[in-house]
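**Student:** The lines below spell out each chain.
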Amino acid sequence: DARVTQTPRDKVTEMGQEVTMRCQPILGHNTVFWYRQTMMQGLELLAYFRNRAPLDDSGMPKDRFSAEMPDATLATLKIQPSEPRDSAVYFCASGQQGWTEAFFGQGTRLTVV
Amino acid sequence: SQQGEEDPQALSIQEGENATMNCSYKTSINNLQWYRQNSGRGLVHLILIRSNEREKHSGRLRVTLDTSKKSSSLLITASRAADTASYFCAPRMDSSYKLIFGSGTRLLVRP
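As they're listed, the protein sequences go chains A and B. The opening position of the first sequence corresponds to residue 1 in this note's numbering, with each subsequent residue numbered one higher. The opening position of the second sequence corresponds to residue 1 in this note's numbering, with each subsequent residue numbered one higher.
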């Protein structure tokens with residue numbers, strides 16, 4: 001059963017610490033999206049990749065956030081240093097090239113205290 | 001803006017009733033997709049309708065698309081308590097891989 005896998009599922013960290021979230025897209029999917037969801041802002045697109053190359057990361061705070069795809073089976077989202085306002089659920093999704101649907105992971109719930 | 005706007009923001013109905021949600025968008029599209037999100041979970045794709053289609057069915061779901069009005073609707077027939085979730089539309093543009101979402105419609109189906 002193909003699925004997008006995100007780790008960790010939950011993360012509690014202190015302000016100022018580095019946080020790394022990982023995503024394993026579905027095998028064969030070449031498009032990866034990162035989203036952040038909060039009650040106030042809803043579901044925000046942070047960045048997306050095609051064939052491991054970043055196409056758009058304009059939704060991401062550049063000073064502290066970075067997104068990469070070291071290889072086709074791993075996407076990472078890093079926050080350094082983390083702040084309480086980064087507390088949210090972060091979702092990764094993957095899809096095949098073109099206009100077809102995206103498949104979402106279960107999310108990483110980040111709490112920065 | 002590329003995202004769709006769902007209406008209403010919230011909808012409460014009795015089990016067995018039909019639920020209708022609407023989506024409006026601003027630019028030309030290749031297709032439009034509907035997703036469901038149960039509380040605390042990732043979004044799940046429900047149905048995709050292409051720009052040359054006017055209506056599509058999947059089980060208890062019926063989606064319509066009116067490209068002249070730049071709008072779509074999602075109808076859930078004979079609703080169940082398990083349909084309680086947030087529903088999002090996602091217009092897909094002609095030349096972009098972006099997939100962005102509006103605020104969604106929060107549907108509550110009362111038993």
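By construction, these hints were calculated from the structure, which means they are not laboratory data. By construction, the Cβ of each residue, glycine as well, lies at the ideal position given by its N, Cα and C atoms. Any given hint might turn out to be false.
The calculated DSSO-like cross-link candidates involving lysine-lysine, where the alpha carbons are at most 30 Å apart (straight line), are [stated by the list, open to error]:
{"#": "1", "chain 1": "A", "residue 1": "LYS62", "chain 2": "A", "residue 2": "LYS78"}
{"#": "2", "chain 1": "A", "residue 1": "LYS11", "chain 2": "B", "residue 2": "LYS98"}
{"#": "3", "chain 1": "B", "residue 1": "LYS69", "chain 2": "B", "residue 2": "LYS56"}
{"#": "4", "chain 1": "B", "residue 1": "LYS26", "chain 2": "B", "residue 2": "LYS69"}
{"#": "5", "chain 1": "B", "residue 1": "LYS26", "chain 2": "B", "residue 2": "LYS70"}
{"#": "6", "chain 1": "B", "residue 1": "LYS98", "chain 2": "A", "residue 2": "LYS62"}
{"#": "7", "chain 1": "B", "residue 1": "LYS26", "chain 2": "B", "residue 2": "LYS98"}
{"#": "8", "chain 1": "A", "residue 1": "LYS78", "chain 2": "A", "residue 2": "LYS11"}
{"#": "9", "chain 1": "B", "residue 1": "LYS26", "chain 2": "B", "residue 2": "LYS56"}
{"#": "10", "chain 1": "A", "residue 1": "LYS78", "chain 2": "B", "residue 2": "LYS26"}
{"#": "11", "chain 1": "B", "residue 1": "LYS26", "chain 2": "A", "residue 2": "LYS62"}
{"#": "12", "chain 1": "B", "residue 1": "LYS98", "chain 2": "B", "residue 2": "LYS69"}
Quick list of simulated restraints, FRET-style, between CB atoms [as the list claims (entries may be wrong)]:
{"#": "13", "chain 1": "B", "residue 1": "ARG60", "chain 2": "A", "residue 2": "ALA53", "range": "32 to 42 Å"}
{"#": "14", "chain 1": "A", "residue 1": "LEU55", "chain 2": "B", "residue 2": "SER51", "range": "36 to 46 Å"}
{"#": "15", "chain 1": "B", "residue 1": "ARG110", "chain 2": "A", "residue 2": "THR73", "range": "38 to 48 Å"}
{"#": "16", "chain 1": "A", "residue 1": "ARG3", "chain 2": "B", "residue 2": "GLY59", "range": "20 to 30 Å"}
In silico contact screen, one side only, chain B against chain A (beta carbon under 10 Å); selected entries [as the list claims (entries may be wrong)]:
{"#": "17", "residue": "ASN31"}
{"#": "18", "residue": "LEU43"}
{"#": "19", "residue": "ALA90"}
{"#": "20", "residue": "TYR97"}
{"#": "21", "residue": "SER103"}
**Student:** Can we keep the B/TYR97 interface hint, with Cβ of chain A closer than 10 Å?
**Tutor:** With a closest approach of 6 Å, the B/TYR97 hint holds.
**Student:** Do the alpha carbons of A/LYS62 and A/LYS78 lie within 30 Å of each other, as the hint requires?
**Tutor:** holds (11 Å)
**Student:** Does the interface hint hold: is B/SER103 within less than 10 Å of chain A, judged Cβ to Cβ?
**Tutor:** holds (5 Å)
**Student:** Going straight from one Cα to the other, do B/LYS26 and B/LYS69 come out at no more than 30 Å?
**Tutor:** holds (9 Å)
**Student:** Regarding the pair B/LYS26 and B/LYS56, is the alpha-carbon distance no greater than 30 Å?
**Tutor:** holds (21 Å)
**Student:** Can you tell me whether the CB distance of B/ARG110 to A/THR73 sits inside 38 to 48 Å?
**Tutor:** For B/ARG110 and A/THR73 the Cβ distance comes to about 44 Å; the hint holds.
**Student:** Range hint 36 to 46 Å: satisfied by the CB atoms of A/LEU55 and B/SER51?
**Tutor:** violated (22 Å)
**Student:** Run the distance test for B/LYS26 versus B/LYS98: straight-line Cα separation, threshold 30 Å.
**Tutor:** holds (15 Å)
**Student:** Cβ-Cβ distance between A/ARG3 and B/GLY59: within 20 to 30 Å?
**Tutor:** holds (21 Å)
**Student:** Does the alpha-carbon distance linking B/LYS98 and A/LYS62 stay inside the 30 Å limit?
**Tutor:** Given that 30 Å is the threshold and the Cα spacing comes to 19 Å, the pair holds.
**Student:** Please check whether B/ASN31 passes as an interface residue: C-beta within 10 Å of a C-beta belonging to chain A.
**Tutor:** Result: holds, 5 Å to nearest chain A Cβ.
**Student:** Please work out if B/LYS98 and B/LYS69 have their alpha carbons no farther apart than 30 Å.
**Tutor:** holds (22 Å)
Consistency with the previously given hints fails for numbers 10, 14, ordered from lowest to highest.
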